[in-house]
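Just need the whole structure built from these sequences, with the hints factored in.
Number of protein chains: 2
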Amino acid sequence: MITVALAKGALLKESVARFSAAGLDFSAVLDPDNRQLMVPSECGRARALLVRNGDVPVYVAYGQAQLGVVGYDVLREHQMPVAQLVDLNFGGCRMAVAVKESSGYQRAADLPPHCRVASKFTRCARAYFDALELPVELVHLTGSVELGPITGIAEAIVDLVATGRTLKDNGLVAIEDLFQTTARLVGHPLSLRLDRGELGEIIDAMRAATPTPVVTA
Amino acid sequence: MITVALAKGALLKESVARFSAAGLDFSAVLDPDNRQLMVPSECGRARALLVRNGDVPVYVAYGQAQLGVVGYDVLREHQMPVAQLVDLNFGGCRMAVAVKESSGYQRAADLPPHCRVASKFTRCARAYFDALELPVELVHLTGSVELGPITGIAEAIVDLVATGRTLKDNGLVAIEDLFQTTARLVGHPLSLRLDRGELGEIIDAMRAATPTPVVTA
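Note that the protein sequences, when read in sequence, are chains A and B. All residue numbers for the first sequence refer to my numbering, where the first residue is 49 and numbers rise by one. All residue numbers for the second sequence refer to my numbering, where the first residue is 49 and numbers rise by one.
Hints in this document: simulated from the structure, not taken from any laboratory. Everything hinted at is true.
For identical chains, the list gives no copy identity; a pair is met inside one copy or between any two copies.
List time: in silico DSSO-like cross-link candidates among lysine-lysine, alpha-carbon distance up to 30 Å:
hint : residue 1 : residue 2
1    : Lys148    : Lys168
2    : Lys216    : Lys56
3    : Lys216    : Lys148
4    : Lys61     : Lys168
5    : Lys216    : Lys168
6    : Lys168    : Lys56
This is the structure in structure tokens:
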């Protein structure tokens, strides 16, 4: 039985579509009345685990799921031992440094040394500011990070930005990007090594079904 | 201006009721159409920050909020430097070890050494198993911890139990309690020391409005 870990939330619908292109129909998880966290595929040879974003790499790293779909941002933050297999090219957004529009900061390097930076992604933020050689105090928040500069708990935030609407609504502006993120197909390394072709077939089909990114000049 | 950090979710309604008894009306936060995260009180001399459970002690520890209401479980897990002022005696539940009903384990000490235990509260779990002198491997999950024993990622879980319904629905049973938890009024230590009576008045009123627990023999 193949087990697949899917992240609840923004990536779910397209994750189901991609597995469907590879012959595994998990559309039952999209039923708004579904309350089950473990859902069999239409064909019965696989099942999906519906878990939180951050838990996808955990289930895959421990081999409880052989495959999973999760954002690159989560992989960067959690650093779990999973194999990155396919960039699925959806769910695109960027990890960015944002500040109050009124602050006048133009680049991350303009931030005052030892200022506070709030983020859900404190590991990513730590690596970024270390590389800049700018010492900052990181404040770990679990949600609504945009409140940080408004309340004064932090001078800047590091957060995911999709449309920029949330930033704008809160008088914030992104000044620098850490990295781009998209959804990734990940796998359990040992399961991949022991695979007799079943996983490989799914991975190949998902790779084939992935639209190549449009490169803009 | 007094700022109060309130946890979204299960504790919100009663938190608002308790502040109302102390003369601060934040009922605007209960309006289902409210999308603001910073809401002024009816009288205009205070404001509420609507944040996630785990972020309440952060805002209070940094002094961005002088007061906050949060579960004792969160205080135990996050260990932030805030002053615990009043046990508000609502939102009661217990932190418990749970296992598969079919496992036959009767007590936490029955668990096999070096087994895996999944939890959102890994610090609480670590302290508990250390005190038992039972070495276990903790798996940090961020949600739906009840999936742990079902998928086999863990032998047991440590999680909050209110009615026990979620455990039952998933074939799990609580075998031992770590501690009881209720909502607590917390304060920023420095703000309390510099208080000219304004905070003290609110705290006293909230203490007076707290029903004394019924002691059952």
